[in-house]
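Engineer: Required output: the full structure, derived from the provided sequences and hints.
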Amino acid sequence: MTPADLARLEVAKRAYRATQPTEREVQTGVRRARLSLQKRKSRSKWWMKGLVFVVLALGSLAYAKPHALSDLIEHGAGWRSARERKGAVALASHREPEKVAEAPQAAAPSPVRTEKAPEAPEPPKSVAAPRKPKKAVAAHQSAVAPPIASSGPSSDAPASAEPAPAEDPVSEWGRVGQALARGDEASALGALGNLARSDDPRTRDKADLGRAQLMMAHGNRDQACALARSLTQRRSGSRIERQAQVLLKDCAR
Amino acid sequence: MDQSFVNTALELAEPGQALEQTLARGSSDELLSLLYRQMRSLAGPRQDLDDLVQAAAERALKALERFEGRSSLSTFTYGIVYRTLIDHQRWYRRFQRRFSLDAREEPEDLAFPRSSETDLRELERARRLYAALDLLPAEKRAALILHDLEGLDVADVAAISGTGELTVRSRLRDAHKKLAEILRKDPLFDPEVPR
Chain F
1 MTPADLARLE
11 VAKRAYRATQ
21 PTEREVQTGV
31 RRARLSLQKR
41 KSRSKWWMKG
51 LVFVVLALGS
61 LAYAKPHALS
71 DLIEHGAGWR
81 SARERKGAVA
91 LASHREPEKV
101 AEAPQAAAPS
111 PVRTEKAPEA
121 PEPPKSVAAP
131 RKPKKAVAAH
141 QSAVAPPIAS
151 SGPSSDAPAS
161 AEPAPAEDPV
171 SEWGRVGQAL
181 ARGDEASALG
191 ALGNLARSDD
201 PRTRDKADLG
211 RAQLMMAHGN
221 RDQACALARS
231 LTQRRSGSRI
241 ERQAQVLLKD
251 CAR
Chain X
1 MDQSFVNTAL
11 ELAEPGQALE
21 QTLARGSSDE
31 LLSLLYRQMR
41 SLAGPRQDLD
51 DLVQAAAERA
61 LKALERFEGR
71 SSLSTFTYGI
81 VYRTLIDHQR
91 WYRRFQRRFS
101 LDAREEPEDL
111 AFPRSSETDL
121 RELERARRLY
131 AALDLLPAEK
141 RAALILHDLE
151 GLDVADVAAI
161 SGTGELTVRS
171 RLRDAHKKLA
181 EILRKDPLFD
191 PEVPR
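Chain order of the listed sequences is F and X.
Using the numbering used here, the final residue of the first sequence is 253, and nothing's skipped along the way.
Using the numbering used here, the final residue of the second sequence is 195, and nothing's skipped along the way.
Source of the hints: derived by calculation from the structure; they are not laboratory data.
It is possible that some hints are incorrect.
What the hints assert, rightly or not - Derived list of chain F stretches under chain X, where covered just means 3 residues or more per stretch with a C-beta under 8 Å from a C-beta of chain X:
| hint | segment |
| --- | --- |
| 1 | 7-14 |
| 2 | 27-34 |
To be verified - Computed list of lysine-lysine pairs in DSSO-like fashion (alpha-carbon distance at most 27 Å, straight line):
| hint | chain 1 | residue 1 | chain 2 | residue 2 |
| --- | --- | --- | --- | --- |
| 3 | F | 13 | X | 177 |
| 4 | F | 49 | X | 62 |
| 5 | F | 13 | X | 178 |
| 6 | F | 49 | F | 65 |
| 7 | F | 13 | X | 185 |
Even glycine gets a Cβ: it sits at the ideal position worked out from N, Cα and C.
Structural biologist: Quick look at the structure:
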């Protein structure tokens, strides 16, 4: 550095020293630093760290797998609703023995029920149809297929366990159950006729079996026997075939 | 202030003295005061000075347990202040690459004592000096401030910056050269100009 540069540096040093902080400024800065350090200590609590960890974990999960959180929430909601459904089913199953006592009185006006009463516990469920339309779906399925019921209470499970194929068949089955509960066999036959035209072969077979049973109960043996015969030839399933064969035995008499 | 505050800080502890004796003589306020003065000298009067002092104080309070008394307490704390400032400047450079902010405002007038016309000229010179120092790289700026403006010797500067004496001398040479170029262009630093 030249002498002139050194002189300039001395001028700079003088200016630097003249603008050093005063004691008051230093103490103000110290007070601010002390307050900041105290605030920082009080904030570092364990629950804050836990909260930060949870937020970071959820954020990372949402970033890495955006659908994981929504699936988790749906699963949790589905678990809760499944629990509620189980409770409702358990409650309904407790109420059914009460309705069994009501069944003989309600079953009297309906020839279908009279026919079915000695075979199966289904009529109580048919009585229950107006009160519980959803139950009537399963109830009707077992009412028009008594061999399923005759194999025991456990047979109700398959009938009711069968998933409703589509929205239209479910409502048709409901109409069948309601018609039977009202004693309106014509409407029941009509609804069964609609179901017999369904795209689902199993629905068609069950509807035909129901029609055959209703016709037999009405005394229309020829048509009932023809339907039962066709069912035995369709390979529609062991249970439906068995029930069709039971009908055929009546045809032989 | 007649004396450089570094001399005042050196009175707090002497080399070889145990930490307990050092701390017994100086309270936490004295430590904070030392850190404030040191950060103020290295960083200059800036708006985030309080944040820098707080960051340095946190580091110092954690690092005090490792202080073995091999150097003076002021050298120890100066090293913490230096590293805090360098880390902050590195972070700020990375931050500026990603985000664009308005130009930093100039230091407030109240940051400098002002009482007479002479003081006004010195105030202006100090402002221009800090502006010139901001143009230097961080390590060279720190070396120049510590050696030329604070009066520390090369060995202390090397201990503070964590480098060798040769590196410090090299940095000083480069800093002098660049500062001289800047000051030559500023008439306020002309030695012929009255104080």
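Engineer: Mind checking the alpha carbons of residue 13 (chain F) and residue 178 (chain X) for me, to see if they're no more than 27 Å apart?
Structural biologist: holds, 16 Å
Engineer: Does the alpha-carbon distance linking residue 13 (chain F) and residue 177 (chain X) stay inside the 27 Å limit?
Structural biologist: holds, 16 Å
Engineer: Against the 27 Å threshold, does the CA-CA distance of residue 49 (chain F) and residue 65 (chain F) hold or violate the hint?
Structural biologist: holds, 24 Å
Engineer: Is the coverage entry for the segment 7-14 of chain F by chain X consistent with the three-residue Cβ rule at 8 Å?
Structural biologist: holds (count 8)
Engineer: Mind checking the alpha carbons of residue 13 (chain F) and residue 185 (chain X) for me, to see if they're no more than 27 Å apart?
Structural biologist: Roughly 17 Å between the alpha carbons, so the hint for residue 13 (chain F) and residue 185 (chain X) holds.
Engineer: Keeping to a limit of 27 Å between CA atoms, is the pair of residue 49 (chain F) and residue 62 (chain X) held or broken?
Structural biologist: holds, 20 Å
Engineer: Count the residues of the segment 27-34 of chain F whose CB lies closer than 8 Å to any CB of chain X, then report whether that count reaches three.
Structural biologist: Check passed, 6 qualifying residues.
Every hint from the earlier list agrees with this structure, and none is contradicted.
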